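Let's have the full structure, built from the sequences with the hints guiding it.
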Amino acid sequence: MALFSNDRAEPSPGSRRRLRTGWTLLTAGIVGALALSFIPSPYVIERPGPVFDTLGEVTVEGEAVPLISIPGEETFPTEGSLSMLTVNVVGNRESRPNWFEVISSWGNPSRAVLPLDEAFPPGRSVEQSNEQSAVDMQNSQKDAIAASLTKLGYPLEATLTVAGFSPDSPSDGILMEGDEILRVNGEDPLDVTQLRSIIAENGTQSPVTIDITRASSPETVEVTPQENPGGDGNPIVGITVGADYDFPFEVKIQLEKVGGPSAGMMFALGIIDKLTPGALNGGQDIAGTGTITVDGSVGPIGGIRQKLYGAKDDGAEFFLAPAANCGEVAGNIPDGLTVFAVGTLDEALAALEVVAGGGDTSTLPGCDA
Numbered sequence: 001m002a003l004f005s006n007d008r009a010e011p012s013p014g015s016r017r018r019l020r021t022g023w024t025l026l027t028a029g030i031v032g033a034l035a036l037s038f039i040p041s042p043y044v045i046e047r048p049g050p051v052f053d054t055l056g057e058v059t060v061e062g063e064a065v066p067l068i069s070i071p072g073e074e075t076f077p078t079e080g081s082l083s084m085l086t087v088n089v090v091g092n093r094e095s096r097p098n099w100f101e102v103i104s105s106w107g108n109p110s111r112a113v114l115p116l117d118e119a120f121p122p123g124r125s126v127e128q129s130n131e132q133s134a135v136d137m138q139n140s141q142k143d144a145i146a147a148s149l150t151k152l153g154y155p156l157e158a159t160l161t162v163a164g165f166s167p168d169s170p171s172d173g174i175l176m177e178g179d180e181i182l183r184v185n186g187e188d189p190l191d192v193t194q195l196r197s198i199i200a201e202n203g204t205q206s207p208v209t210i211d212i213t214r215a216s217s218p219e220t221v222e223v224t225p226q227e228n229p230g231g232d233g234n235p236i237v238g239i240t241v242g243a244d245y246d247f248p249f250e251v252k253i254q255l256e257k258v259g260g261p262s263a264g265m266m267f268a269l270g271i272i273d274k275l276t277p278g279a280l281n282g283g284q285d286i287a288g289t290g291t292i293t294v295d296g297s298v299g300p301i302g303g304i305r306q307k308l309y310g311a312k313d314d315g316a317e318f319f320l321a322p323a324a325n326c327g328e329v330a331g332n333i334p335d336g337l338t339v340f341a342v343g344t345l346d347e348a349l350a351a352l353e354v355v356a357g358g359g360d361t362s363t364l365p366g367c368d369a
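Note that the UniProt record's numbering gives residue 339 to position 339 of the sequence shown, counting from 1, and the numbers run on in steps of one.
Check the hints yourself; a few may be wrong.
Stated by the list, open to error - Here are the simulated distance ranges between beta carbons:
id	residue 1	residue 2	range
1	Q138	G315	25 to 33 Å
2	G72	G164	30 to 38 Å
3	S133	L182	24 to 32 Å
4	N185	G164	18 to 26 Å
5	S217	T338	27 to 35 Å
6	I103	G123	23 to 31 Å
Because the hints were derived from the structure by calculation, they are not lab data.
All values derive from a computational prediction rather than experimental measurement.
Where is the CB? At the ideal position from N, CA and C, for every residue including glycine.
Dropping the structure here:
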């Protein structure tokens, strides 16, 4: 018998079958992984987007400029940060994320997977959605300026004007671009948010009465609201509304490629901080989100979970969240981030006062489960 031999034993039939099965499974796995990487899904992904300090600078057309500036008025030094958050939406009707991206996002607490139709309603193009988002941002900036100046004691008047129509709008042919909205169902809306609220309270079973000025002549029209095709079911009259205010001085808010109304509260806080002595935040890093109305009401926003994680990743210690979003906030707060629930601009300022003064923050309302 030789100690070393070139003779090799032939594999048994069972071994050959197992080998073939293994290669088959490996090949199927590779093919499946490749398919997941290329096949588009019917979903979009929400994840934390860029964070912007309303007290700091941003880049506009290649230059660093203050996000908020108030030329011609006395302003005061600020400390720390009052940051607004954004949500990055991956995918749209023209470019959908693949299944591999979707599956890897499920279970990630900082991400959300939404049906495509929920993020981009049928009948509305990506361009139309972006245009509406840009208008919402412009209105939120105007409302934030109005809310902050109202808080500081400046008298203001607002003008709401029809700026456009959504597809299949029930107002098409009844209202016209440029119509100035005076009253809705006898109420004088202070801003776009209050206008939407009046229409929502009216419902879809009866028309709303809208008093307008058209070409300097007063008119009264009626429009029957329909359910929002975007999926939230709120009654709408299908118009884009622009808000204009007669401000006593210029407040410039500069921010590129960011849309939506959710930064309103943080814009307002940033303006107040710049126009008043002392640091509202006591030099702390504070983030937050929420819409704002002229009377200082803070409203709910979308993507709250992504914004919580965006704030934490950016180094914020405290977070101002709309009280109406507490149901989504509870149980989703990242470790190390303290959340305060606020329903008004006054409540947000009160929370900042406690933080700035080193007070007991446990006495402030939160969003505990």
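### Query
Should the hint that I103 and G123 are 23 to 31 Å apart at their CB atoms be regarded as holding?
29 Å Cβ-Cβ, so the 23 to 31 Å window holds.
### Hint check for L182 and S133 - Cβ pair distance inside 24 to 32 Å
Check passed, 27 Å falls within 24 to 32 Å.
### Task
Just tell me: holds or violated, for the beta carbon distance of Q138 and G315 against 25 to 33 Å?
Between Q138 and G315, where Cβ atoms are some 29 Å apart, the hint holds.
### Task
Return holds or violated for the Cβ distance of S217 and T338 against the range 27 to 35 Å.
This hint is violated: roughly 55 Å between Cβ atoms.
### G164 and N185 - C-beta distance against the hinted 18 to 26 Å
22 Å, holds
### Query
Between G72 and G164, is the Cβ distance one that fits in 30 to 38 Å?
33 Å, holds
In terms of the numbered hints stated before, the structure departs from hint 5 and from no other.
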